[in-house]
Amino acid sequence: AQSVSQHNHHVILSEAASLELGCNYSYGGTVNLFWYVQYPGQHLQLLLKYFSGDPLVKGIKGFEAEFIKSKFSFNLRKPSVQWSDTAEYFCAVFGFGNEKLTFGTGTRLTIIP
Amino acid sequence: DGGITQSPKYLFRKEGQNVTLSCEQNLNHDAMYWYRQDPGQGLRLIYYSQIVNDFQKGDIAEGYSVSREKKESFPLTVTSAQKNPTAFYLCASKGQGDTEAFFGQGTRLTVV
Numbered sequence: 001a002q003s004v005s006q007h008n009h010h011v012i013l014s015e016a017a018s019l020e021l022g023c024n025y026s027y028g029g030t031v032n033l034f035w036y037v038q039y040p041g042q043h044l045q046l047l048l049k050y051f052s053g054d055p056l057v058k059g060i061k062g063f064e065a066e067f068i069k070s071k072f073s074f075n076l077r078k079p080s081v082q083w084s085d086t087a088e089y090f091c092a093v094f095g096f097g098n099e100k101l102t103f104g105t106g107t108r109l110t111i112i113p
Numbered sequence: 001d002g003g004i005t006q007s008p009k010y011l012f013r014k015e016g017q018n019v020t021l022s023c024e025q026n027l028n029h030d031a032m033y034w035y036r037q038d039p040g041q042g043l044r045l046i047y048y049s050q051i052v053n054d055f056q057k058g059d060i061a062e063g064y065s066v067s068r069e070k071k072e073s074f075p076l077t078v079t080s081a082q083k084n085p086t087a088f089y090l091c092a093s094k095g096q097g098d099t100e101a102f103f104g105q106g107t108r109l110t111v112v
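Protein sequences, first through last, are from chains A and B.
Using the numbering used here, the first residue of the first sequence is number 1, and each one after it goes up by one.
Using the numbering used here, the first residue of the second sequence is number 1, and each one after it goes up by one.
Derived by calculation from the structure, the hints in this document are not laboratory data.
There is no bait here: all hints are sound.
The calculated lysine-lysine pairs, modelled on DSSO-like cross-linking and capped at a C-alpha distance of 30 Å, are:
no., chain 1, residue 1, chain 2, residue 2
1, B, K57, A, K69
2, A, K49, A, K69
3, A, K69, A, K58
4, A, K71, A, K49
5, B, K70, B, K83
6, B, K71, A, K49
7, B, K9, A, K49
8, B, K9, B, K57
9, A, K71, B, K57
10, A, K49, A, K61
11, B, K83, B, K14
12, B, K71, B, K9
13, B, K57, B, K14
14, B, K57, B, K71
15, B, K70, A, K49
16, B, K9, A, K61
17, B, K83, B, K57
18, B, K57, B, K70
19, A, K58, A, K71
20, B, K57, A, K49
21, B, K9, B, K83
Bound conformation, chain A alone (with noise of 0.2 Å):
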């Protein structure tokens, strides 16, 4: 079954400090890979997304994700956080064949200024 597991559900940082959220999914076929971020109060957000062709990807706000084929992984990395990244991250994945779209439980993200 399509699934999407993160490890990492509460992650306290310092400013400055690297980040990096694990999202490990399983799924047979292609796939498109998602990560969303929910800073508090506020809806969902488009982080970055993964279609094809180079496995890194960056999106906004300074994100980037490694897609690792063989290692069914699409982990978030960011060099240094700020006291505004703190949210909560979803990792998710497209399945093309069940056109399913699953999400993880998400990361809470505190970062201490």
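The hints should help you fit chain B onto chain A, whose structure is shown.
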């Protein structure tokens, strides 16, 4: 402006009553999705539809029903069989191929 509209934003119902949440899109997207968002559980897929007059159960379909009579519309009915209906419900639509999904603003349902 193209977009996806959910209504109402807030909805209150008494226990035991069915309630229907509206989702309309004018993006000409084939696929539409319903999710439920609860704290700590992410977005869980309830139902999805790839084309008109066809839909599939997601991961938590019990107690919910949908219809897809028009491409633009994908209403979700929360039935009295849903054990814990109070939640935030999100609708999304997606075009074919390598495209991103677009989300509505959500409906917060409270059952008392």
